[in-house]
Every structure is written in structure tokens, then in C-alpha cells.
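Protein chains in written order, with numbering that gives the first Met the number 0: chain R, 0 to 326; chain G, 0 to 164.
Don't read these hints as lab results, they were simulated from the structure. In this text, all values refer to a predicted model and were calculated from it rather than measured experimentally. Don't be surprised by glycine CBs; every beta carbon is placed ideally from N, CA and C. Don't take every hint at face value.
A few chain G residues that don't get close to chain R, going by computed Cβ distances all over 10 Å [claimed, not checked]: (1) PRO42; (2) TRP67; (3) ALA93; (4) HIS152.
Chain G side only, calculated, beta carbon under 7 Å to chain R, not exhaustive [to be verified]: (5) ALA3; (6) THR5; (7) HIS17; (8) LEU87; (9) VAL95; (10) LEU126; (11) PRO128; (12) GLN146; (13) ALA158.
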Amino acid sequence: MSTATPATTPSAKKNLGYKTFAIGKFGFERDEYFAHIHYPGGVQTMPVDAFLRALMRDVGWGFFYGTVNFDHVIGTINHYGTVELFAGLLNEAYRSKNLHYVETFDSKDLKKVFEQMLDDWTNEGFDPYAAPDETGNAYGPKRGNNTKALKRERIVSARMVGLPGDLPYRTDAAGQFINRQFTDVPQDSPEVHAEPGFEGEVHAFNMFAYASRSDVTWNPSVVSNVKDSQICATTEEYILPIFHGNDRVEWFIQVCDEITWEVADGKTGNPRAKVTMKAGDVAAMPADIRHKGYSPKRSILIVWENNDSTLPKRYSGGELKPYPVEF
Amino acid sequence: MTAAQTVFGSLKHFEKGHVDVIDDNPKHYVLSNVFEVASKSKPYEKVAVGQNLRYVIEAIRAEGTSPWYTASHDESALIMDGTVEIHLIKPEKALVPDSKEGTVKLDSEPKGKKMGWIKAWRGHMALLPKGAAYQFRSAAPAVLLLQTIKGDHTIERWADICQTE
Ligand SMILES: [Fe+2]
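Bound-form chain R, shown alone (with noise of 0.2 Å):
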């Protein structure tokens, strides 16, 4: 870690309990609204609930897959080991003036100044993976903290959510209750009639009523996989904090509701399409893009992954074309 002390600016120099975290040449600091992150160059600042939701997300998923765009200017790219850290690097402006400046960091050691700055600015009562209307607020001086609530993990199935050994239900005596935007989402079981001996095999079970019990927003977990392909269950409500711009092709399922996606060049920002999706409606995100989705009201979308790690080699190096089907 280097000592690269950021140009404070005039509210973070006001005792409001907050640490300053500095990792390379990059320094962040927070005051009562806004997260400060300084890089030679410049400073970017976000609105800090907008930043811990993101920065939330990039812990909760160890980088995740490509690239986690913070806004149009602070990212992070997942290499898988290490992880580039990034101003300006996916935005043509920047670009085009060689105004950016990346950095790339062993994964555990980014991931820990990050784990540790989130910790120390989110507030009691502020839960950046919940929907604004479930939580409290981020600003302010420092205010106690909500450890256990940044603990959650993307978490996955090795093969289907239930079997034995893998993940387990959802339930109350869990504490994992129904969203209060779920509470007309069936909890019935299927029937599951097996014989002696293929009780481990003859095996289903309330996948949406699983979902309904998420407490995190914009999370997707692992609930099912055939080899490779893996199918995430997850809730989404409000606005994805993130521009997630993948390293291959991703799919979404919408189970009800509906989200709109708002996808941008992944290299330039430059706006490209709008994408509707009401229950029921399938369609894919290119490997050169970066989307960003809008659910007015809770809903169940499914992600669909493709968890080969040779993907992002084929993609970058052109051997695969970035959208998935020729037609």
C-alpha cells in the first residue's frame, strides 16, 4: 500500500470518524454525502450510497465476471487472481485524452482494502444490498456500523439448491422471510414421490418461493447447473448499482415483473439499445457491452452464466463473436 495521501477535500477534513483508505495510487475518503476516490490525475466523487451499493456488490461477488463499473469513470476488471482498478479506462473521453490510469492488484489484497472500507463507512442502518425503501440512510457522520449485514456472498449450488450436502432452503426459522413484495409467490412444494434409495436423486423444489425469500437485491446466486451452465436466481428492485460489463455472453430469464436495461458500449459508454423485459421474456447480453437494469417493483430474474474460464480469452482475442447466435 502506498502512502499516496488524496488532496482532501473540504468536508472530509471535518472529524466525521470516517478512515481514509489508500491502496497503490489510489485514494478514497468519504464525508456526510459523497465518497472521494483519488487517482493521479484526478477525483472522482459519487453520491455514497451509490458507491457503498456498488462497492457492496464488487466484494460480495470477489470481482465478479469482466468488469464492475462503479459510474462512467471507476471500475474494477476481474482477471481472475488479479484485478485491474480503473479511472477513465472505459470511457472515450477519458480515453481519447489519455486522461485514465489503471492499476492492477492481487485480487485478496484489493478485496480486502475494499471489505474494510465498506465496513468502516456503511452506517447502522444502511443496507447497501437492500432496496432504498427496505433500509435507512448512508449519510451523515459515522454513525455505528452494519457488519453482519455486508457478510452475504454470492452464493452457489455445486449442483441444485435442496439436494444433500448442497445449498440449503430458505426458510423463516432461517430467518429468510418472504419479500414484502412477494407475498402473493406461491410457498408450495412439488410433489416428490421416490423410491427406496433415490431419495437423492428424485429431487425438485420451489424455485420461485426460494427466490421470493431473497434479502438481497441485484445478487444472483447459483441454483442449478449442467456442467458450465449455471442458472442464478435473483431479486432485483430499483436500479442495479452497477454497469456490469461481462467477459462473455449472459442471459436473463424475467419470472415476473419486468426490468428495463440500459446498455452502453462496453470499451466507450456510448449508448447502444434499451431492453424491455416482462415475465416471461428471454434474451441475452453481448460480450462487448455493459448493462445496467431498472425494476420499479421487486421482481425474479434469472441470470444465466456460462462459468467456463476459458470465455474471456476467446472473447477479447475475437474467436468468438460477442453475440451469442447467427440468425
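Since chain R is already given, all that's left is putting chain G with the ligand on it; use the hints.
Chain G with the ligand in isolation, oriented as in the chain R frame:
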């Protein structure tokens, strides 16, 4: 507090979304609707609605009794509308080699041990375990999504099901 009103789709009632292009080709988003696809399918046609290299998601109109199927790998079935029974048999001997991917249609019910059966309806996800033979039965039209690998019976009709302009 107003009561939650969660909107699901069904064969009888669905609305399809859309791609509004700013600077792109709508075909790149491969947008379709599983209920619309199933409403135009014959029973048990396996129509790809998603493809990620060799992996596919197939939309299936379940109606009546299906052929028997098997696969050398796990598959999963998610019921999107209606009610479907899934009957499972552990074949006496392996019916397909590990190298064969995708769903394999069998000529008839294979010899083997009954593993059991599942009755599932909207929202339920069932495992179709590697090596098992299975058959779907549905008295009324239902819709399921099959997570599998592209195989001999996967149907691709992208231009018919997707927004093209
Ligand atoms: Fe994504």
C-alpha cells in the same frame, strides 16, 4: 401497505417486451418470450430460447405424454406454467456414452428400476439426473424450461421467435 401484485406470464396471458435500438442490431439481444414460443410449438418440441456456446435453454410445450429421454449429464426442468409429472427410471445399463451431450430421445420405455416421480407446477424446478431416463406427462398444455446442452433434438428457429428489427 398495498398488497403485492406479482405478475407472472402464462400460455393464456403474456406480454412480450422489446428492444429499442439506439446504435445496435436488435438481433444481438435474441429477445423472445417463452410463452409465445410454447404457444406456437407442437407438444414436446425442444425450442432453443437461449444458447451460450454449447449450452442451451429450451422452451418446451408439455402436453400429453412425452417420449422417454435421457442424457449423459444433469439437466434441469423449470415449470413456467401448468402442471407436469416427471417419471424417472434408472436404466439397467448406461444408455448414452459420457461423450454424447444433449437430450437423447429413446425409442421406448427403457428396462430398469423405477426411481420415482415428481408432480411439479409453476415455479418448481426438478433435477433430471445424469444417466436417468425420464418422461413428462401433462394433462393440459404446460410450459417448461429445460437447462441442457444442445443436442440432436434441439430446434433452432431464432428468426421466427426473436425480435429482428
Ligand atoms: Fe450482468
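Outcome of the hint check:
Once the 10 Å rule is applied to beta carbons, PRO42/G is consistent with being away from chain R; the minimum gap is 19 Å. With a minimum CB-CB distance of about 16 Å to chain R, TRP67/G clears the 10 Å threshold, and the non-interface call stands. The claim that ALA93/G lies off the interface holds: its Cβ sits roughly 15 Å from the closest Cβ of chain R, which is beyond the 10 Å cut-off. Taking the minimum C-beta to C-beta distance to chain R, about 16 Å, the non-interface status of HIS152/G holds against the 10 Å cut.
At a threshold of 7 Å, the smallest CB-CB gap from ALA3/G to chain R is about 5 Å, leaving the interface hint in force. Proximity of THR5/G to chain R holds as hinted, the smallest CB-CB distance being about 5 Å (cut-off 7 Å). This hint holds: HIS17/G has a C-beta 5 Å from the nearest C-beta of chain R, less than the 7 Å allowed. A distance limit of 7 Å between C-beta atoms decides the matter here; for LEU87/G the minimum to chain R is near 6 Å, and the interface restraint holds.
The interface hint given for VAL95/G is broken, as the beta carbon of that residue sits about 15 Å from the closest beta carbon of chain R, more than 7 Å. About 4 Å separates the beta-carbon of LEU126/G from the nearest beta-carbon of chain R, less than 7 Å, and the hint is met. For the restraint placing PRO128/G at the interface with chain R, the shortest Cβ-Cβ distance is roughly 5 Å, inside the 7 Å limit, so the hint holds. The criterion of a C-beta within 7 Å of any C-beta in chain R is met by GLN146/G, whose closest approach is roughly 5 Å, and the hint holds.
Using the Cβ-Cβ criterion of 7 Å, the hint placing ALA158/G at the interface with chain R is satisfied: the shortest such distance is roughly 5 Å.
Violated hints amount to a single one, hint 9; each of the other numbered hints is respected by the structure.
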